[in-house]
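Chemist: Just need the whole structure built from these sequences, with the hints factored in.
There are 2 protein chains.
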Amino acid sequence: MIIDIHGHYTTAPKGLDVYRKAQIDSLDNPTKGTINVTDDEVRESIEKGQLLQQKSRGTDIALFSPRAGGMGHHIGDARVSQYWSETTNDLVHRVCTMFPDNFIGVCQLPQSPRVSPANCRDELERCVTQLGCVGCNLNPDPSGGYWVDPPMTDRYWYPIYEKMVELDVPAMIHVSASCNPNFHGTGAHYLNGDLSVFMQCIVDPQLFKDFPTLRFVLPHGGGAVPYHWGRYRGIALEMGRPELTDFLMDNIWFDTCVYHQPGMETLLRSVPIDNVLFASEMIGAVRGKDPKTDRYFDDTLQYIDKLDFLSESDRKKLFEDNARRVYPRADARLKGK
Amino acid sequence: MIIDIHGHYTTAPKGLDVYRKAQIDSLDNPTKGTINVTDDEVRESIEKGQLLQQKSRGTDIALFSPRAGGMGHHIGDARVSQYWSETTNDLVHRVCTMFPDNFIGVCQLPQSPRVSPANCRDELERCVTQLGCVGCNLNPDPSGGYWVDPPMTDRYWYPIYEKMVELDVPAMIHVSASCNPNFHGTGAHYLNGDLSVFMQCIVDPQLFKDFPTLRFVLPHGGGAVPYHWGRYRGIALEMGRPELTDFLMDNIWFDTCVYHQPGMETLLRSVPIDNVLFASEMIGAVRGKDPKTDRYFDDTLQYIDKLDFLSESDRKKLFEDNARRVYPRADARLKGK
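If you're matching them up, the sequences are chains A and B in order. Numbering-wise (our numbering), the first sequence opens with residue 41 and increments by one. Numbering-wise (our numbering), the second sequence opens with residue 41 and increments by one.
Since the hints were made in silico from the structure, they are not lab data. Using N, Cα and C, we set each Cβ at its ideal position, and we do this for glycine too.
Some chain A residues close to chain B (C-beta under 10 Å, calculated; not the full set): (1) 300; (2) 302; (3) 305.
Examples of chain B residues lying across from chain A (beta carbon under 8 Å, computed): (4) 236; (5) 242; (6) 243; (7) 278; (8) 299; (9) 305.
Modeler: Spelled out as C-alpha cells, the structure:
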C-alpha cells in the first residue's frame, strides 16, 4: 500500500471561492454564511483531479486537507478564520465521505495572528471526533510572512499541543499564503516555514520533553533541512544537543515532496528512513510536467523508484508503515476496512 | 589555486566588541569614536584562526569580510550603521594589508531598515577604490528578520546596483543577525534569506534585464535552492520563465558552504558548474569538528574531493576560474602579483 500523506483540495469547485470572496468582502461583520457546491461538482473535481492522478501513478490513498495557501489566517479576525475553517473542513469531509477508499481527512485550524491557539481546540476536536480527521495542519506564522507570533516551542502553543496529544493526532507544520512581498508562497515562504521550525526545535529542546508524544510532520522535504543536515548537526552539537538522530527523531518527520532526483537522494541519504513519509503534495505547488521527462514534477514515486540503496523494508516503511505510526487514527481506519 | 570566496572576520580582537558595545550604549547620540585594536592583536587573531585553517586545509586565499552576524543593520539608525561599517571595513582592510597573499577584502554596507540603499554608495566606492575591496555583502533584510523592505528586485534597490555595476563588483546576498525569535540566525534566517531572494529573481525577471551585468552570490549553498531545483524549475516554467539554466545563470552564483556529503553532491549535480564558487564560510556558522570524521564540518574540500563526477576542468572552474570571473577585481589583483 502507498499512502500519500500530503494532499490538498486545490481543485475545489468555484463555489468555495465565491464563499470566500463574500466572506472577505464583509470582514467587519463576519457570518458563517452558506456554501453552494453540489455533490456532482465535488465528485467531478476529484475524479478529474487527484483521483485520476492517484490511479495513474499507482498510489492508494491520500491524507487530504484544505488548500494550504487558502487558509489565509492573516485575513480577518479569529471569527472569520473559524467560519472559514469549518467550511473548508466540512467540504474536505464531503470528499472523504464520497471517496472513502482514496482520501482520509486532515483539517485546517481557525488560527489568527496573536490569538492563542487555544481557540483551535474545539475545531480540532470536532474534526477528529466527528469528521474522522487523522491530523491537522498547524501554521507556524498566521501573519502570513511577518512572523509576529512566538516560536512553536513557546508555551503560547501548548494549548493546541495538549489537544493534539489527547486526540493522538500529528500536525503538519504548514504555513499558508504570504502577504509579505519578499516571500513568494510556494517558492519561499513554505520552505522558510519548514526549516525555521526545525531549527526552533533544536534551540529549545524543552518542547518534546513536555510533550514526548507530540508529532510534527515537516512538509516539502523539510525545506532545506536534509540538504543542510551537516550544518544542523554541527550547530546542534555546538549547542550541546545530542546527535539529531538521538534527539528529534521521536517527534519530527519529513515528507518526500522534493521534485528532482538529487534532492530526493539527499533526503533519503540524510534523514533516517523511519522519519520519512511518502508524499507528493499533488495537486499542489508544481502542477506541470517536466519537459525533459514528460512526467509530472510532483510524481515523486519516479525519484524514489531510482534509489537503489533503499531495501524493500525501507520502501515499506516509507510508503506505509511510518505513516501508520505517525497517524494512528489512519492506521485504525485502514485496519477497519 | 583555491580561492575561498566566503570568509568573515569572526575572530576579531575584543577591542571591536568594546567599540560596538559603546556604540550601542549611545544609539541616541552616535559618534564615530575610535577602536582600540593593535596590529599584534590583529595578527594573532588571524594567524591562530583563519590563516591556520587555510594552511592546514590547503586553500590559498579567501575573500574576507566583516562578520555577517555582526552587521546588525537593525541596530540604531543609518548613522550608526555608517560608523560601524566604516570601522569594521577598515579593520578587515588591516587584515588584508597585513596578509596580502591570503586575504582580499569584501565590505559590509551601512544599510538601515527603510533607508534607501542609495546611502551605501559612498561607502561601497570608498571600500572598492581606496581599500581594494572586490565585492560587498548586501543584506536583503536590514530589519533582522521582519522583512519590512521591498524585495531585491524592486527599484528601491537600484541605486546600489548602479554603483555595483559601475565598479564591477558582485554582492553576496547575506542577511545579518535575526532579532525575530522565530528565526535562529545561522540555522534559519541565513538560509531563508538565500532562497527567498532566488525566488524573488524568478518572480521579477526585469531586474537582470535592467542590469545585465549585475552579479549576486548566494551563500550557504543557496539555502534550499539546489535541494529543490526541481521545484524551482517547475514553478519557473509554470510562470512562463525559461529553464533556470537559460535564465538566471548569467547573474546568480552559489557558494559551496554545505557541510555534508549528500548536500554537496546535490549542489553540484543540480546547479551548472559555471555557477558554483568554492567557499567554506570558515571560521563561521559551524565551528566544530564532526565527531564521526574528526574533520571540521566547514572543511568543504573534503566533500568536493569525493565527487568523482567532477572533471579536472570542473574543479578548476569551481576553485578558481569562476571566482575570477565573478570577482574581476580579485582576478586583476591576483594577476598583478
